[in-house]
Amino acid sequence: LWVLEPKNGTLFFNVEHPEWLAASSAGDRELMQLQEIGAIMALVQHTMPDDFKKVTDLAYGDAIAPLSFLIRNSPSFNLKARIKASKSD
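In the working numbering, the protein residues as written are 59 to 147.
Hints listed in this document are in silico derivations from the structure and should not be mistaken for laboratory results.
Computed from a predicted structure; not experimentally measured.
Yeah, the Cβ is synthetic: ideal placement off N, Cα and C, and Gly gets one too.
Be aware that a few hints might be false.
[To be verified] Quick list of simulated restraints, FRET-style, between CB atoms:
1) D115 <-> V73: 18 to 28 Å
2) K145 <-> E63: 38 to 48 Å
3) P133 <-> D108: 17 to 27 Å
4) E74 <-> D115: 35 to 45 Å
5) K112 <-> K145: 38 to 48 Å
6) A117 <-> P64: 43 to 53 Å
7) D120 <-> P64: 38 to 48 Å
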């Protein structure tokens, strides 16, 4: 979903990644939340020793889809879902 260029601190997002497309179609708020999570994960991964790179790649790769789903659908993350849930109560 992202590539961090550590020499100049540039973070590149893959705008054709399925989770990016799903968040983008859900709305600007959802896309911004996905960007924030991706940026935090990239920066945290950058602070870890190189020995952990494979582990964090696997862990973060497995975590993105569920986090993206929560951003799009959970009332805890998604304003539209929160409003919809409060109307049904």
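Taking the hints in turn, this is what the structure says about them:
no.	hint	result
1	D115 <-> V73: 18 to 28 Å	20 Å, holds
2	K145 <-> E63: 38 to 48 Å	44 Å, holds
3	P133 <-> D108: 17 to 27 Å	39 Å, violated
4	E74 <-> D115: 35 to 45 Å	19 Å, violated
5	K112 <-> K145: 38 to 48 Å	46 Å, holds
6	A117 <-> P64: 43 to 53 Å	19 Å, violated
7	D120 <-> P64: 38 to 48 Å	23 Å, violated
Of the numbered hints listed earlier, those contradicted by the structure are 3, 4, 6 and 7.
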